[in-house]
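Asks: Here is how the chains run, residue by residue.
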Amino acid sequence: MKRKSIRTSRGNVTLSFIPYGEIANLSSVSKIRRILDLCLENRILIIQGRLTPEEETSLIQSTMALVGRVKNFKGVEIAVISGSTRNESVMDRMKENLAKALVGDRGVITLIGPAAIVKEIKKDPKKIELLLK
Amino acid sequence: MVINLIKRFFGRAFSALFRAKKELSLGFYGPPNAGKTSLANRICKDWTGEEMGSVSRIPHETRSVQIREKVEIEYNSRKLTLKLIDTPGIATKIDYEDFLKYGLGKKESQKRAKEATQGVVEAIKWLDDVDIVIVVLDSTQNPYSQVNITIIGNLIARKIPVLIAGNKMDLRKSDIRRIQSAFPEYDVVGISAKSGKNMKEFYEMLFRLAKKAG
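If you're matching them up, the sequences are chains S and U in order.
Just so you know, we're using the numbering used here here: the first sequence kicks off at 1 and counts up by one.
Just so you know, we're using the numbering used here here: the second sequence kicks off at 1 and counts up by one.
Some clues are possibly wrong.
To be verified - Pairwise CB distance ranges, derived in the manner of DEER restraints:
1. U:Glu115 / S:Gly21: 49 to 57 Å
2. S:Asn25 / U:Asp46: 48 to 56 Å
3. U:Ser77 / S:Pro125: 39 to 47 Å
4. S:Val29 / U:Glu115: 42 to 50 Å
5. S:Thr52 / U:Ser64: 25 to 33 Å
6. S:Leu132 / U:Glu72: 34 to 42 Å
7. S:Leu132 / U:Thr48: 45 to 53 Å
8. S:Glu41 / U:Lys45: 17 to 25 Å
To be verified - 20 Å max Cα-Cα, derived EDC-like pairs, lysine to aspartate or glutamate:
9. U:Lys45 / U:Asp175
10. S:Lys133 / U:Glu97
11. S:Lys122 / U:Glu204
Said to hold, decoys possible - Going by beta-carbon spacing under 10 Å, a handful of chain U positions derived as facing chain S:
12. Gly53
13. Pro59
14. Gln66
15. Ile132
16. Tyr186
Because the hints were derived from the structure by calculation, they are not lab data.
Note that CB positions come from ideal geometry on N, CA and C, so glycine has one too.
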């Protein structure tokens with residue numbers, strides 16, 4: 001699957017879909033650099049898969065290092081949407097964990113957008129809303 | 001044989017004694033304005049008579065890590081010695097213009113924003129130096145924010161015992177159940193750091209948390 005960009009009716013907003021294969025094999029540093037480079041281009045990213053907790057904190061640290069140094073960059077908004085439910089049986093969870101170990105966590109979507117464009121990502125167990133400025 | 005048994009008995013007794021006296025590093029983590037400093041102040045005031053840091057309605061009031069060592073808590077005939085580490089609120093975005101709304105000047109707001117970004121980086125670095133953590137969440141706010149999930153996910157990955165404190169339970173909009181359903185695998189206690197509501201249960205859970213640190 002290739003990366004796809006969808007330009008919205010708002011002149012300066014671009015949604016970019018990043019398939020799992022495009023960042024799965026990158027090092028943590030390269031992954032974070034790729035994400036931030038795209039955010040600095042004012043793109044909203046829809047990533048197949050998710051970052052590890054350590055990568056998420058590194059992303060926050062790198063983001064904070066850029067705030068105030070890069071003009072008009074105020075940080076990012078992040079949300080992770082998982083398809084799994086809490087009512088799954090132990091067997092289902094084991095199958096899911098095995099699949100994750102073999103082919104990666106593809107059933108999860110990560111949304112990341114520059115805070116200058118994305119006002120808020122509202123999330124609760126039933127829905128997710130991306131509010132633009 | 002008997003000598004070995006005696007040696008083992010005294011060895012265990014001494015190690016238990018030293019373990020009990022060990023100072024545990026307790027980190028306060030959470031998003032800005034959740035009440036981390038208010039809770040640290042409440043604990044400090046309860047057991048030392050002094051407060052730790054200043055609090056404000058303006059977000060990012062704590063912009064550098066505040067430490068208070070050797071805080072001794074004696075509760076229900078149990079003792080705990082803590083090093084309290086109050087960290088700046090973790091955020092994924094900081095906009096100086098948000099501070100203007102609170103009446104701060106442009107320069108002051110920009111300075112506050114710069115210090116706040118450095119504070120977030122410092123708070124994350126301190127994750128390497130805490131034994132147990134209280135994640136303080138504002139119980140009037142939506143708990144499903146990625147910052148909350150990232151903080152808790154990191155603590156779990158590092159095998160650091162966590163207690164979630166749903167603060168501001170004295171407010172009408174407070175919803176502790178929503179926090180419990182967002183994080184069903186973790187201990188959650190509702191408190192009001194400001195009024196001291198439910199602090200007895202909090203201290204009970206704090207001792208249980210300390211026990212998990214071994």
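Asks: Does each hint fit the structure? Answer for all of them.
Replies: Evaluation of the provided hints:
In this structure the supplied range 49 to 57 Å is violated for Glu115 (chain U) paired with Gly21 (chain S), their Cβ-Cβ distance being about 40 Å. At roughly 52 Å, the beta-carbon separation of Asn25 (chain S) and Asp46 (chain U) lies within the given 48 to 56 Å, and the hint holds. Between Ser77 (chain U) and Pro125 (chain S), the C-beta spacing of about 42 Å keeps the proposed range 39 to 47 Å intact. Between Val29 (chain S) and Glu115 (chain U) the C-beta distance comes to about 26 Å, which lies outside the given range of 42 to 50 Å.
Between Thr52 (chain S) and Ser64 (chain U) the Cβ separation comes to about 28 Å, which falls inside the hinted range of 25 to 33 Å. Remark: the range hint 34 to 42 Å for Leu132 (chain S) to Glu72 (chain U) is contradicted by a beta-carbon distance near 51 Å. In this structure the hint that Leu132 (chain S) and Thr48 (chain U) lie 45 to 53 Å apart at CB holds, the actual value being about 48 Å. For the hinted restraint 17 to 25 Å between Glu41 (chain S) and Lys45 (chain U), the CB-CB distance of approximately 49 Å leaves it violated.
With a C-alpha separation of about 26 Å, the suggested pair Lys45 (chain U) and Asp175 (chain U) falls outside the 20 Å cut-off, and the hint is violated. Taking the CA atoms of Lys133 (chain S) and Glu97 (chain U), the gap is near 14 Å; set against the 20 Å cutoff, the hint holds. For the given pair, Lys122 (chain S) sits about 34 Å from Glu204 (chain U) by alpha-carbon distance, which is inconsistent with the 20 Å threshold. A distance limit of 10 Å between C-beta atoms decides the matter here; for Gly53 (chain U) the minimum to chain S is near 21 Å, and the interface restraint is violated.
For Pro59 (chain U), the suggested interface contact is broken, since its CB lies about 13 Å from the closest CB of chain S, more than 10 Å. Checking Gln66 (chain U) against chain S: minimum C-beta separation of about 19 Å lies over 10 Å; hint violated. Proximity of Ile132 (chain U) to chain S is violated relative to the hint, the smallest CB-CB distance being about 18 Å (cut-off 10 Å). Annotation: Tyr186 (chain U) was flagged as interfacial toward chain S, and the flag is violated, the nearest CB pair being 13 Å apart, outside 10 Å.
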